[in-house]
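Each chain, letter by letter, is given below.
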Amino acid sequence: MALVVATVTNLLILSSMYIVVALGFAFLFNMLGIPNFAHGAIYMLGGYIGLALISAVGINQWVALILTAVVVGAFGLFLERFCFRPFVGDFNRIVMICVAVIVILQTGVNIIAGTQILSLPPFALGILKVGPASVSYERIVTFAIGAVLLGIIIWFVNRTKWGKQMQAISQDRLGASLQGINVHRVSALASFIGCALAAIAGCLIGAYLNLGPFMGDFMLVKVLILAILAGAGSISGIFIAGLILGTLDSALPVLISGAAGDAIAVGIVVVLMLIRPQGFFGHEVEM
Amino acid sequence: MKKKSLLICSVGLVIILAALSVIGCPATQPAGEKTLRVGMILGITGFFTVREVPDMNQAQFAADIINEQGGISVNGDKYKVELVVVDTKSTMDGVTAAANKLVFDEKVKFIIGPTAFFAAAAGSICDPNEVLRFITWCVNTPGEVDASTPYAFLGGNGSVMTSVAAIKYLKATYPDVKKVSFFSPDDGSPAVMVPIDTKLLAAEGISLVGDPVLYPNETQEFSAFAAKLNAIEEADAVFMQNGLVPHIGATVKSLRELGNYKPYIGSLPARISQIETITGEEALKDVATIALTPGDPDMPPVAKEIIDRVVAKYGADYQLEMTAPNCLWIIKEGIEAAQSLDPTVVKEKLESMDEVETIWGPAKICGEQTFGIKHVVASPQSVQILKNGVETTAGWIDLGYIP
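Residue numbers (this note's numbering), protein chains in the order written: chain A, 1 to 287; chain B, 1 to 403.
Mixed in with the good hints there might be a few duds.
Heads up, incomplete: computed chain A residues facing chain B, CB under 10 Å, no partners named [unchecked claim]:
#: 1; residue: Leu125
#: 2; residue: Gly212
#: 3; residue: Val221
#: 4; residue: Asp249
Just so you know, the hints here were simulated from the structure itself, not pulled from any lab data.
Even glycine gets a Cβ: it sits at the ideal position worked out from N, Cα and C.
Throw the hints in and build the complete structure from the sequences for me.
Printed below as a string of structure tokens:
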């Protein structure tokens with residue numbers, strides 16, 4: 001019974017963690033069709049910048065979280081202008097640029113702090129016990145922030161002018177441009193938001209787990225699965241995809257021993273993609 | 001215009017590469033001074049950086065100490081030690097490339113590293129070419145140190161040694177613990193280590209219960225595995241074999257979150273202060289690992305000297321691997337005992353010895369039954385715990401002779 005309760009709790013928390021991390025990638029990929037493979041490295045960078053602001057500058061950690069989002073968001077503007085914009089629609093070059101960004105960021109952080117085990121201070125202390133369930137407030141905070149961010153992004157995409165412009169670009173970039181939408185400006189905003197979301201995720205996960213120069217590699221795989229399962233053009237699909245991935249990653253280690261669990265999880269995702277290649281809520285995109 | 005730009009870029013690139021190659025050239029050797037070049041195969045970049053860069057720096061301090069003492073004595077000559085480090089990028093391909101470079105380009109005869117499961121990738125190059133290798137860690141996967149690796153010694157440390165120490169500590173500190181659950185990365189080592197640990201535990205009256213809980217090495221979030229460990233209710237403690245600091249940190253944190261405060265014994269080299277960075281202080285009650293503590297009054301003199309230099313240069317929180325320096329020390333002792341720089345002669349000399357001086361003091365040369373070859377240097381192990389909020393040595397465990 002305790003194992004079932006713990007697994008269900010893990011499922012919810014892990015899903016929210018994945019959603020938090022994937023949101024930024026999905027935002028850029030699903031809205032603008034830019035597969036930012038450097039998202040994991042940017043997520044890692046966010047964690048380290050957050051830590052630097054808290055421990056070196058001495059800023060309150062919640063303020064540091066917001067500042068980190070702004071700083072990394074600004075880095076997103078740089079990426080969009082100089083790395084993505086010149087190569088929009090050219091998948092090969094976008095991939096190459098992302099690989100370069102990953103190597104530069106990982107190597108840079110590795111040289112500066114690669115030999116140290118670092119972690120951000122927890123955003124909340126204590127453990128909540130409800131019946132047989134037991135979960136730290138830290139994980140509840142991650143869950144809550146994930147849910148709130150998801151809600152805000154869904155609202156932003158569906159209800160605001162900017163969001164609707166992004167949807168238009170997602171459906172037909174040239175058509176949107178011909179309708180008077182400033183594609184570059186909308187792309188820049190999307191890149192800012194995508195990177196800021198990655199930074200928030202880096203800080204939250206960096207507090208709950210720990211920081212490492214390569215922490216983004218593992219998450220990038222999850223993020224790719226999540227974004228593809230959700231489908232291009234769909235942000236709300238992230239919620240369902242996050243739940244599926246969270247369920248697989250919480251339940252399979254309990255049922256199957258060792259690394260086989262990961263392989264089976266990815267296998268299930270492949271089967272889901274065969275059944276529904278456009279994802280749960282998305283539409284087909286051409287790279 | 002395009003051709004001109006291309007030409008300028010090409011010339012610029014050639015100049016930069018030429019400048020780099022000049023910078024990369026070894027310094028000219030002073031007349032009359034002899035040098036022994038020792039290769040090192042380590043992951044200076046990539047995911048193993050956290051372990052290998054500190055080990056590399058600590059090996060350099062050991063080399064400095066040897067050189068300050070005059071060098072390695074062979075037939076009246078003194079050889080200064082020069083370390084030649086090649087980065088594996090923490091990949092198997094990188095290990096093979098590094099071994100090729102050291103054996104065929106650098107023509108070294110003694111190599112430190114690689115570590116653990118990386119070691120097999122260097123064996124196929126080093127063994128046929130009779131280059132003597134001292135691996136820094138061993139998780140007992142095939143091809144690390146066994147009958148198929150006649151030129152590989154385990155000079156650093158390994159799962160079997162940390163297991164012996166951890167189990168002896170467990171028995172002495174928690175005599176009521178009779179059953180433990182088993183937790184390990186799924187890196188190929190459990191197939192070998194579960195039977196060995198079962199035997200070692202049984203010798204102390206302790207049994208393994210439940211199925212071994214294994215996790216992929218890349219795991220970052222351990223709550224599912226913690227839930228599985230927590231579900232093995234009959235276990236009095238968790239016995240963790242191998243893994244890295246983030247692995248043990250995240251698992252302990254998740255277990256404590258579930259209200260599981262049973263003893264957690266880590267048969268792995270992880271400093272408690274670093275685990276504390278992830279878990280916080282409270283979670284570390286009844287957690288022990290195999291690790292070194294700066295300022296430990298019982299630290300053997302050579303190890304103390306290296307650690308003092310590490311702390312002075314990198315700070316007290318620096319990762320203390322200390323396996324590569326031990327390998328270097330064994331190379332020095334082996335060469336001096338053999339009075340030869342021929343790797344085969346040194347190998348045969350070490351095989352004939354029962355004990356060798358290490359940075360930890362005298363250590364047994366053993367391992368015939370467990371490893372299939374008498375190429376294991378079993379050094380004493382330090383158990384570490386958190387006491388009053390400070391990482392503390394809970395004691396030194398003499399491993400004795402590992403069959």
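Going through the hints against the structure:
no. : hint   : verdict
1   : Leu125 : holds, 8 Å
2   : Gly212 : holds, 7 Å
3   : Val221 : holds, 9 Å
4   : Asp249 : holds, 7 Å
Every hint, counting from the list given before, is met by this structure.
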